[in-house]
Amino acid sequence: GAVVSQHPSWVICKSGTSVKIECRSLDFQATTMFWYRQFPKQSLMLMATSNEGSKATYEQGVEKDKFLINHASLTLSTLTVTSAHPEDSSFYICSARRTRGNEKLFFGSGTQLSVL
Amino acid sequence: AQKITQTQPGMFVQEKEAVTLDCTYDTSDQSYGLFWYKQPSSGEMIFLIYQGSYDEQNATEGRYSLNFQKARKSANLVISASQLGDSAMYFCAMREAAGTALIFGKGTTLSVSS
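Residue numbers (this note's numbering), protein chains in the order written: chain W, 18 to 133; chain Y, 175 to 288.
Bear in mind the hints are in silico, worked out from the structure with no lab data behind them. There's no promise every hint is true.
Claimed, not checked - When the alpha-carbon atoms are kept at most 25 Å apart in a straight line, the in silico SDA-like pairs for lysine to any residue are as follows:
1. W:Lys121 x Y:Gly236
2. W:Lys83 x Y:Pro214
3. W:Lys58 x Y:Lys244
4. W:Lys121 x Y:Glu189
5. Y:Lys280 x W:Gly33
6. W:Lys81 x Y:Gly273
7. W:Lys121 x Y:Val187
8. W:Lys121 x Y:Lys190
9. W:Lys121 x Y:Glu191
10. W:Lys121 x Y:Lys244
As the list claims (entries may be wrong) - A few chain W residues facing chain Y, derived, Cβ under 10 Å:
11. His24
12. Ser26
13. Val28
14. Tyr53
15. Lys58
16. Leu61
17. Glu69
18. Ser71
19. Ile110
20. Phe123
No residue lacks a Cβ here, since even glycine has one placed at the ideal position from N, Cα and C.
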């Protein structure tokens, strides 16, 4: 089956630093990737939709200058949390949709971010 | 209004028993898709089953089946013969327009005991 690789799995950083999370589709082309955020024991909340070669579309309430998304190729999207603060600590998970194929989304394994 | 409602925060079942996890949805679209995912403590999202709004038959995947009642806007997940490894969080999700992101419910934590 299709594989989406997300890296790193976990990261601890100091407040004020920036963290980059990568999401790669390993065996298919992904025109669209989605970034979600999940707090413990809660649902996945959509942060933004990333389209290859164009600007990301952010959900209401998500700061685009804080959560920078780049989708430079059909197999890679990155999420950069800039000037991270403790309240940004969360589980971030990406998902990708095949350029062609059914509607099933493939998810990365997630990144646990802890900001000290 | 919530698009996806999962009213059971937690469910408990014994091994080998069947369990139903409830999900209702709200949409005015005619074409939509319904999904169930399993999330173990590791955090990964494991796809379980998909039902398209135009599919006339209920979807089945091994021990998983989706009880799709379109008029009632419900898409309950039935797990037959529960196993200890089924203990996890289960999310119901919906895709409204083709190619858009999934909207998730709040999830149900399933605990299977021996």
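task: Could you tell me which of the hints above the structure violates, numbers in ascending order?
output: The structure conflicts with hints 2, 3, 4, 5, 7, 8, 9, 11, 13, 17, 18, although it agrees with all the remaining ones.
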